[in-house]
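Work the whole structure out from these sequences, hints included.
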Amino acid sequence: MTSPCPNLGRTSLVVLLLAGLLALIFQGPRHGLPVVPRNSADQNILRVAWTQRTPPDPQMRGMTLAQHNLLILSLWEPLVECNPQTGEPEPAAALRWSWSEDRLILTIDLRRDARWSNGNPVTAADFARGWIRLLKGKKEGAEILAPLKNALAYQRGDLSDANSLGVQAVDAHTLRLTLEKPRSTFVMELADPLLSPVDVSSDAVLTNKSYLTIPASLVTNGPFRLVRASADGYTLARNEFYHGRTEVVLDGIQFVGATSLSVAQLMLAAGVVDLVTPTSWGKNRTSPTDRPFSIATEFQPTVHSVNFNVSRAPLADGRVRQALALALDRANPIKHYDAEDMRAAWSWVPEMPGRPGLTLLHEDAELGRRLLAEAGYPGGKGFPILRMAMPLERLPNPFIAVWTERWYQELGVRTYVAYEERKKRAERIKAGDYDILYNQLTATVPDAGDLLGIFSSHSNMNKTDWTDPVVENLLAEANSQTGQEHLALLEQVERRVMTELPSIPLMFDLRRTSLADEVHGWSPDPMMRQNLKRLHLVPGI
Amino acid sequence: MNGPHQKKITGFWCEWSFWSLIWWTGTVALCALLLWDCLPWLRGDPRTAFRYTKLNEWPLEVIWWLLIPITLWLQQRLTMSDRRWAWTLALHGAIAVVVASLFVVLGAVRVVFANHLPASFLPVVIDDLCGMNGWNYTPALVYLLLTFGFYGVAFYRESRDGQKLAGELRVANARLETRLVRASLDALKMQLHPHFLFNTLNSITGLIRGQRTAEAENMIAGLGELLRRSLEHRQEAMEPLEHEISFLRRYFEIESIRFQDRLMVEFDLAPDCMNALVPSLILQPLAENAMKHGISKDPAARLLRISAQRDGAKLILAVYNDGPPLPKDDAILHHGIGVQNTIARLEMLYSGGDARLWLRDHPPCGVRAEIILPFTTHDP
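Protein chains in written order, with our numbering: chain A, 25 to 565; chain B, 52 to 431.
Because the hints were derived from the structure by calculation, they are not lab data. Hints should not be assumed to be uniformly reliable.
[Claimed, not checked] Computed Cβ-Cβ distance ranges for the label pairs, DEER-style:
#1 Asp-541(A) - Cys-82(B): 43 to 51 Å
#2 Ala-425(A) - Gly-203(B): 40 to 48 Å
#3 Phe-50(A) - Gly-203(B): 27 to 35 Å
Quantities reported herein were computed from a predicted structural model and do not represent experimental measurements. Ideal placement from N, C-alpha and C gives every residue a C-beta, glycine not left out.
Following this line, the structure appears as structure tokens:
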């Protein structure tokens with residue numbers, strides 16, 4: 025049979041062949057795929073998915089904190105580390121510490137056996153160097169040193185003499201820290217990877233990125249050292265000079281480049297990596313391979329909230345703020361949109377190590393309507409349209425859409441949600457030209473005071489214009505106390521704030537980590553500072 | 052015919068070569084840029100990885116640079132002008148799906164390669180990408196838009212070329228028509244000559260047989276004169292009535308020799324009609340018919356009258372003979388060569404029924420042939 029239109033016939037054939045080929049790819053198997061076997065040389069190497077492009081610089085804050093922390097805390101060791109269960113600081117590079125009577129001077133004794141990866145001893149000057157580097161470079165996260173005497177002035181450039189800073193190396197193994205005012209959580213804050221020491225050579229090595237070609241040039245004091253670095257990830261080997269080397273079971277760690285967290289989970293299924301944090305893998309999703317893995321879930325000290333500009337009517341009226349809080353429905357949108365990564369917030373502070381979360385808020389739309397009517401806005405009549413300033417990177421935010429709609433349905437209150445660029449939004453906030461701000465706040469220490477501190481008039485994160493002398497006094501007192509007294513004072517602060525409601529807490533974050541079954545020793549840490557030196561692999565699983 | 056076609060093909064190829072050159076230049080530049088960007092990665096430079104090359108980072112839409120010529124080629128190959136347009140449309144739909152799928156697969160291939168995943172994960176990654184971003188129909192829509200855009204351009208071009216060709220054809224047709232009319236006129240004229248020649252030559256033969264050589268010589272001389280004048284005016288479709296009458300006078304001189312004293316010719320011509328333009332030799336066939344079917348058929352008949360009158364914008368020419376009436380079967384009207392030729396010439400030379408021929412009995416005796424024409428002259 026001959027086609028009267030040979031062009032059409034031949035082209036049809038080619039198109040059909042192509043379509044067939046693509047159909048074969050599309051219809052390929054999705055389950056029971058083979059797992060890539062582990063190299064014999066990598067039997068005791070932990071492979072971590074790495075979706076970042078941050079350098080191994082301890083004085084740089086990574087966007088995805090969990091991964092960045094894993095890398096930095098594998099290479100470096102700060103003075104202390106916080107116990108994930110109790111939140112209490114424990115010695116790391118420091119051996120012990122002591123406060124002066126007025127709790128303004130902290131003296132830290134360093135380990136005598138602490139060594140850099142090149143064998144040189146780690147000294148107090150190395151810590152001072154790292155911290156000055158953090159302040160000098162005006163790097164993101166430098167505000168962690170704000171409690172130190174003259175730190176902010178030095179960072180702003182008002183002071184140029186580093187000797188006037190509240191960090192002094194008394195001798196090779198003694199570090200003296202002077203604070204502006206007492207701060208109960210300061211020792212905990214020293215566990216932050218940002219406060220790692222740096223060797224005298226490190227600044228140049230990190231600036232020039234010479235570690236990419238000569239990995240050994242990056243001198244570190246952590247349990248692992250850098251043996252290979254590329255844009256596709258890092259390879260670490262055990263640091264034989266590390267003081268606790270005998271407790272490190274892993275031979276090394278590979279941070280394997282991944283384009284996204286979703287793909288990283290596929291890499292875990294394929295046998296290319298062993299650990300993915302955080303993971304976006306849904307509970308109901310089926311793995312394409314039979315490689316067994318588990319998902320560990322833990323709280324993150326992050327609170328999502330809407331902050332009110334209480335200097336404006338009608339939000340200056342506490343009854344209006346209460347009404348808005350009562351009219352919300354947190355549980356259903358969370359269940360609908362992100363049940364695995366969010367949890368409803370019934371108070372300002374989430375569950376912390378050694379301190380369970382409180383339930384101080386509830387939802388009651390009827391009560392909210394009554395309070396709004398008492399405030400002079402029955403059914404929302406006469407209530408102005410509220411302007412909510414949202415960061416553009418959060419577009420679209422389904423939660424805000426649901427909640428503002430609920431305010432309208434339950435209270436008759438209308439909201440204009442304005443998504444704006446960071447700079448424009450910052451200017452608007454500075455000028456106080458807003459009614460409501462969407463905010464996300466993460467604690468840097470496992471202490472409720474860190475999150476409650478934003479309600480202090482001294483906090484540069486207080487965006488509500490709400491001040492309360494009672495809260496000021498309680499916070500100041502809590503800073504001078506420790507233990508249960510400290511926690512009790514913070515609870516008073518939290519109850520007071522949740523009564524006045526200058527901000528409504530909405531959700532807390534959860535973090536999930538996918539772990540291949542070979543990986544053992546993982547424990548939850550709300551501060552996302554798991555130290556991989558504690559992990560080990562059980563081969564053959 | 053070769054000239055214009057050759058010119059058109061040359062122009063087409065010039066245009067084609069120009070775009071082809073641009074495309075190849077762009078393609079080479081694109082490949083060179085991608086290769087230059089990939090070189091550090093290919094050399095094993097630790098500062099980069101496939102993930103950070105433009106090959107992976109650039110949007111897949113760059114592929115359109117390669118797909119556009121293929122789309123154009125397909126559009127030209129799959130013409131919709133034949134009866135298979137439904138199949139062609141279906142095929143374009145299938146290609147659109149293939150193109151959309153290609154984008155998904157290429158995106159997945161990049162992910163697989165950049166993340167060191169085994170190739171068997173390609174369908175899983177496709178699912179993952181489609182799950183995150185949804186199925187991307189944009190490439191299919193772009194393909195269809197491009198294709199129909201190309202069809203639109205091609206249709207416009209064909210239409211424009213067709214209009215140009217139609218114009219040329221109209222001019223050629225008009226010229227051809229003119230030629231045909233002239234040829235027809237010439238052919239009609241040529242039919243007159245033999246008709247008249249036979250009659251005249253028969254008469255000359257009769258004269259010679261009757262030893263009337265002088266008359267025969269006069270007749271031959273007259274015939275020669277008639278033929279000469281006829282040939283002189285052969286290319287002219289119209290001539291003044293005066294010339295036509297002059298021609299007829301010469302003609303009757305010959306016929307009077309044939310009919311001897313029996314023929315009496317009268318001319319009733321209005322002076323203002325002598326300059327009127329008439330088709331050349333328009334009266335001669337009617338005069339010949341009057342002789343043949345009128346004077347010749349009745350021994351008592353002898354009068355033949357030629358008249359010309361102006362009636363406003365009309366010119367009325369008439370040939371009358373006092374011979375027998377027209378036959379009942381209208382054979383002359385339908386089958387007489389002279390009458391048919393005259394009618395045909397009038398239809399060709401005058402459109403819209405401006406000119407007519409009447410042939411009817413003229414009581415109490417005789418037949419009158421009448422031609423009504425628009426009155427025109429050479430004068431402005």
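We went through each hint and held it up to the structure:
no.: 1; hint: Asp-541(A) - Cys-82(B): 43 to 51 Å; in the structure: 46 Å, holds
no.: 2; hint: Ala-425(A) - Gly-203(B): 40 to 48 Å; in the structure: 42 Å, holds
no.: 3; hint: Phe-50(A) - Gly-203(B): 27 to 35 Å; in the structure: 32 Å, holds
When held up to the earlier numbered hints, the structure conflicts with none and fits them all.
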